[in-house]
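Going down the list, the protein sequences come from chains A and B.
Sequential numbering from 3 applies to the first sequence in our numbering.
Sequential numbering from 88 applies to the second sequence in our numbering.
I should point out that these hints are in silico values taken from the structure, not numbers from a laboratory.
No experiment lies behind these values; they were computed from the predicted model shown.
It is possible that part of the hints are untrue.
To be clear about the criterion: a stretch of chain A counts as covered by chain B if any three or more of its residues have a C-beta under 8 Å from a C-beta of chain B, and this derived list gives those stretches [unchecked claim]:
hint, stretch
1, 25-37
2, 42-56
3, 68-75
4, 112-125
5, 151-157
DSSO-like, lysine-lysine: derived pairs with alpha carbons at most 30 Å apart [what the hints assert, rightly or not]:
hint, chain 1, residue 1, chain 2, residue 2
6, A, 65, B, 293
7, A, 106, B, 351
8, A, 170, A, 65
9, B, 167, A, 170
Ranges of calculated distance between the beta carbons of each label pair, as one might list FRET restraints [what the hints assert, rightly or not]:
hint, chain 1, residue 1, chain 2, residue 2, range
10, B, 441, A, 170, 21 to 31 Å
11, B, 307, A, 20, 45 to 55 Å
12, B, 266, A, 140, 45 to 55 Å
13, B, 143, A, 168, 44 to 54 Å
Built from N, CA and C at the ideal position, the CB exists for glycine as well.
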Amino acid sequence: MARFSTATPERSRPLPVPTSLELAGQLREKFGDLISEPLEFRGEVTVTVSDAERIAEVCGHAKTALGFDLLLDLSSIDNYGEDPRWTVVYELSGIGHGRHLRLKTHVGEERSQLPTVSGVWRTADWHEREAYDMMGIVFAGHPDLRRILMWEGYPYFPLRKDFPLAGKPTVLPDTAFTQPAPLEGGPFVTLPGGKDSAAREPRVRTPEA
Amino acid sequence: MASQTIEFKDSAARAAQAAQTGGASPGDDLLDLHGDKLVLNMGPSHPSTHGVLRIVIELDGETITKATPDVGYLHRGDEKIAENMTYNQFVPYTDRLDYLAPLANNVAYALAVEKLMGIDTQLPPRCQYLRVVCCELARISAHLLGLGAFAMDIGALTVFLHTFTEREKIYNLCESLTGARLTTSYTRIGGMTRDCPPGWVAAVRKFLDEVVVNFDESETLLTRNRIFVDRTRDVGVISREMAIDYGLTGPNLRGSGVDYDVRKAHPYLVYKDLDFDIPVGSVGDSYDRYLVRMEEMRQSVRIIRQCLDRMPGGPDNAGKEPVNVADGKVVLPPKNKVLTSMEELIHQFMIVTQGVNAPPGEVYFGAENPKGELGFYINSRGGGTPYRLKIRAPSFVNLGILPAVLPGHLMSDVVSILGSFDFVMGECDR
Chain A
3 MARFSTATPE
13 RSRPLPVPTS
23 LELAGQLREK
33 FGDLISEPLE
43 FRGEVTVTVS
53 DAERIAEVCG
63 HAKTALGFDL
73 LLDLSSIDNY
83 GEDPRWTVVY
93 ELSGIGHGRH
103 LRLKTHVGEE
113 RSQLPTVSGV
123 WRTADWHERE
133 AYDMMGIVFA
143 GHPDLRRILM
153 WEGYPYFPLR
163 KDFPLAGKPT
173 VLPDTAFTQP
183 APLEGGPFVT
193 LPGGKDSAAR
203 EPRVRTPEA
Chain B
88 MASQTIEFKD
98 SAARAAQAAQ
108 TGGASPGDDL
118 LDLHGDKLVL
128 NMGPSHPSTH
138 GVLRIVIELD
148 GETITKATPD
158 VGYLHRGDEK
168 IAENMTYNQF
178 VPYTDRLDYL
188 APLANNVAYA
198 LAVEKLMGID
208 TQLPPRCQYL
218 RVVCCELARI
228 SAHLLGLGAF
238 AMDIGALTVF
248 LHTFTEREKI
258 YNLCESLTGA
268 RLTTSYTRIG
278 GMTRDCPPGW
288 VAAVRKFLDE
298 VVVNFDESET
308 LLTRNRIFVD
318 RTRDVGVISR
328 EMAIDYGLTG
338 PNLRGSGVDY
348 DVRKAHPYLV
358 YKDLDFDIPV
368 GSVGDSYDRY
378 LVRMEEMRQS
388 VRIIRQCLDR
398 MPGGPDNAGK
408 EPVNVADGKV
418 VLPPKNKVLT
428 SMEELIHQFM
438 IVTQGVNAPP
448 GEVYFGAENP
458 KGELGFYINS
468 RGGGTPYRLK
478 IRAPSFVNLG
488 ILPAVLPGHL
498 MSDVVSILGS
508 FDFVMGECDR
């Protein structure tokens, strides 16, 4: 019963495969001035989409017509003190042709919003939630834009450059504990001769306890 | 003794009765039992979540109708931390991403920074072979744990004990290589902290001979085990299109039949010179993902053997092959040179205080790690620290598919599906 096979990497792909640069050129042919001149650095091709409102359209075309079926990553950058403040970076990859393309777009701080691409790649759902959670960039049309790593109700956006590394004090939601955890605070006191092990072991023991 | 007559109606009798009483379907009396849906909280501290994953599950009887994963309980802000330190200082933080394969994380991170600096092609061959050996040892270690814990979660405890015996040997190898069992921090930008110690290559060979026996034993316990097969087969089926759409990578993607492996698709280090196969599944269920991992470990053994045979300088580096880039501005110079030569002293001072100097630019580098593609997107504005470092954590992306996979399964299948996904929350939450 051959349940799995060990495939060899040589896919029967018709040669020549378009390079990333050619694929970026095809994107430019379709969208014209919306797409910037491709930049090449360390063998990677980056194009900038000048109007963030049309990013979903560009991504949809890249997926359906250019074969970029895998969204590897979605990152956000805070260009603090510059205008526009946000940059959103999409790492596109095609499993069929094995090419990589980076799309970038800029979003101003006063708007801080751009369309979601979760309709193009479902994986963008969590990536966009993370970008929203960490930077506070809103993805319009996202099915469920909630915080993902921080908790619901957290008031800050920790990856912004104006958020200090040491963090800011916040109120934790009070659902977890109704009293301090046994090992929270101090001083830790061991009671010799307690009636059971819970009474003997080192715990936070305040004078009134 | 009082006797009692218990009337048992089989389905045919129930159907006959239903026909007599006028068309009511035989299940009608059961419909009253359907009440509200039950919301069950699983985790964040649950044995099968292997860390702190919380899933809010909505149940209709025993069937899941909705699943909402809740991640972030282990969030430490690694990306924020990275912006505030030099490139080499971040290496220990990569140990703590996928803490089951720290060596592979070290290598992936070092390669990302080296790509940014444009020195990834200048790495000495011995360094490249050694790094591949590290990656594959980490893969075996991570898969051994993944399989052991997977089997244990669905009731086969023995496998766990078998695989942990071998993992212990890998930890011993890590210890003699790096000085630490878990927090290896082995790579530096432009090379390694040190070459492998004398006798290490022979120890790895001995380990490989032993571990293949263990693979066979573990496989005997699982692959044709009726209980294991029943719990995993056709459970958590992910189609090829769905897997790509949700961005799955690693064994979870290949289990669905997509032969995408970064080591083949975008070869780094010396992978293009090595001979190995990429196992792919055909159905995309938990059983396929198990089979793929099992075969990947055997392929890793094959890769390591080739690397050890070809490693330049020989096992104990009799040929004095370098393991670091020959650039004093990137790699710390030898201590005796620092104490005697002005130029090396300055380099040492600059690297330690300001970090290696990276050019402005941006790169994405993805490496095939045990859990999937671990990617680093580095945006540099020049200098010794990244302006932005984004970690593409495979576990994070892989878990994003849970809301689509879990509904329709039984509650007990959750454990099987989570086990077959083989995620690590340290990496997911960063």
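Hint-by-hint comparison with the structure:
no., hint, in the structure
1, 25-37, "violated (count 0)"
2, 42-56, "holds (count 4)"
3, 68-75, "holds (count 5)"
4, 112-125, "holds (count 3)"
5, 151-157, "holds (count 3)"
6, A/65 with B/293, "violated (48 Å)"
7, A/106 with B/351, "holds (27 Å)"
8, A/170 with A/65, "violated (41 Å)"
9, B/167 with A/170, "holds (14 Å)"
10, B/441 with A/170: 21 to 31 Å, "holds (29 Å)"
11, B/307 with A/20: 45 to 55 Å, "holds (48 Å)"
12, B/266 with A/140: 45 to 55 Å, "holds (47 Å)"
13, B/143 with A/168: 44 to 54 Å, "violated (32 Å)"
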